[in-house]
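Residue numbers (the numbering used here), protein chains in the order written: chain A, 55 to 296; chain B, 5 to 195.
Since the hints were made in silico from the structure, they are not lab data. Note that this is a predicted model, so its numbers are computed, not measured. Don't take each hint at face value.
[Said to hold, decoys possible] Quick look at which bits of chain B chain A covers, simulated, 3 or more residues with Cβ under 8 angstroms:
1) 18-25
2) 36-49
3) 53-64
[Unchecked claim] Partial chain A-side listing against chain B, Cβ under 7 angstroms, derived:
4) 99
5) 103
6) 233
Beta carbons: idealized from backbone N, C-alpha and C, even for Gly.
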Amino acid sequence: MSKHEGRRLDRHTAEQLLRGAPADTSDALAGLLAAAAAPPRDGELDGEPAAVTAFLEAARHDRAPRPRSPSMSKSRLRPVQVAAVAAAVFAVGGVAAAATGVLPLPGGGATPAPAASDHARPAAGPSSATTSAHPGEGTPAASPASPSPSPTGLCHAYVAGGKDEHGKALDSPAFTALITAAGGRTKVDGYCATVLDQESPARGHGVGQGNADNGKDHVAATHPNGPPATHPAGPPPGRPNH
Amino acid sequence: MELESVPRRAAEDTDPSTALERARRGDEEAFRVLYRAVQPGLHRYLRVLVGQDAEDVASEAWLQIARDLTSFRGDLDGFRAWTATIGRHRALDHLRHHRRRPVADAPAEWFPERPAPDDTAAAAIEATTTDAALALIATLPRDQAEAVVLRAVVGLDAKAAAAVLGKRPGAVRTAAYRGLRTLADRLGGQV
Chain A
55 MSKHEGRRLD RHTAEQLLRG APADTSDALA GLLAAAAAPP RDGELDGEPA AVTAFLEAAR
115 HDRAPRPRSP SMSKSRLRPV QVAAVAAAVF AVGGVAAAAT GVLPLPGGGA TPAPAASDHA
175 RPAAGPSSAT TSAHPGEGTP AASPASPSPS PTGLCHAYVA GGKDEHGKAL DSPAFTALIT
235 AAGGRTKVDG YCATVLDQES PARGHGVGQG NADNGKDHVA ATHPNGPPAT HPAGPPPGRP
295 NH
Chain B
5 MELESVPRRA AEDTDPSTAL ERARRGDEEA FRVLYRAVQP GLHRYLRVLV GQDAEDVASE
65 AWLQIARDLT SFRGDLDGFR AWTATIGRHR ALDHLRHHRR RPVADAPAEW FPERPAPDDT
125 AAAAIEATTT DAALALIATL PRDQAEAVVL RAVVGLDAKA AAAVLGKRPG AVRTAAYRGL
185 RTLADRLGGQ V
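So that you can see chain A by itself, here it is in the shape it has in the complex (with noise of 0.2 angstroms):
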């Protein structure tokens, strides 16, 4: 194929370098890749302490009581409530909805004033945070040209209705969006405290800048506790997604 091979790279000698062992040719591009390769730098670990500052955060937030509302906690919400629920957030973007044929993205959740400002950051936020979080996804399964389902009000009727109540909730057919868009029943948990976490921090600030709004940062956060297997950004073993 090209003209100035001396000797062709074959797929075990590649093989060997990008396992960064010793090979027997290549030397300009073994040197390449150890370059690549170098232990760390100056610079390369200055978000340390940023990271430790979220690190130690979350670990409090972990360890603190489960703010969840006892009544919450004790009385599920049955699947036909949590319908309800989701049909009141449906209510809410209801106009969008029937715009884009789309989930509606209500700003918080909480607030039910749908604001043209509500709901234009918000459009950009979570809807791109979700079409990622499955790892195992190229594309995502809605069309990728019209905005993804971004159904963040669904994941906080979802979650509202307690842990042991999630497995009959979802046989509601509200759900069936929320589980399309998780990928698969028992991807739900883990998406939904994907969306609901992208949810609540500013977007491009810094640590403990979430801290202001407990209210929301507690629900989602005590959810990564949740089964793991779910979790989405888990490196899924073979995905038969393609």
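Fit chain B to the supplied structure of chain A, relying on the hints for placement.
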């Protein structure tokens, strides 16, 4: 007993594998160990995706990593893959947000038959700096660049890299192989 426990404790403190479990239980020092072990590779992977914004994107990724660490299950390799996945999502969000193409999404395909652009290749041959190496890798088509960096820099095997990229391991192997071949050619046929 005291004397013996001190060095063992010190060794534990800097071993990322054991740090993972301790960090998940809230140990700050263990988290620092993890950060130092993972951040360089993560940062370089993000460099290939978002260029100069890698630092910002890495910060965002670490916020999420710190928050979700308790839900992670797996070993250190799995943790590298998990953090790379989070970083990748943050990077793609970042690109969408700024409506930019990934750095490694070279607008023109690279043709191995053509001579390499002198500036980039020459710089990479002479300067064995990390920056130059990453810059050259970033000139590959994105799928190849990602595959090469995830494997050779982040240290993932083909299966883990495939999970990060949402592809099959075979596709990632091929992409990495093609990437290396192109790089070898760009380095002036010194293979």
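Consistency of the hints with the structure:
1. Here's how the stretch 18-25 of chain B fares: 0 of its residues keep a CB closer than 8 angstroms to some CB of chain A, so the rule of at least three is not met and the hint is violated.
2. With 8 residues having a Cβ less than 8 angstroms from any Cβ of chain A, the stretch 36-49 of chain B passes the three-residue criterion, so the hint holds.
3. Given as covered by chain A, the stretch 53-64 of chain B passes the check, having 5 residues with a CB less than 8 angstroms from a CB of that chain where 3 are the minimum.
4. Residue-level restraint check for residue 99/A holds (minimum Cβ-Cβ distance to chain B is 6 angstroms; threshold 7 angstroms).
5. For residue 103/A, the suggested interface contact is broken, since its CB lies about 10 angstroms from the closest CB of chain B, more than 7 angstroms.
6. For residue 233/A, the interface hint is violated, since its Cβ never comes within 7 angstroms of a Cβ in chain B; the closest pair sits about 20 angstroms apart.
In summary, the numbered hints that this structure violates are 1, 5 and 6.
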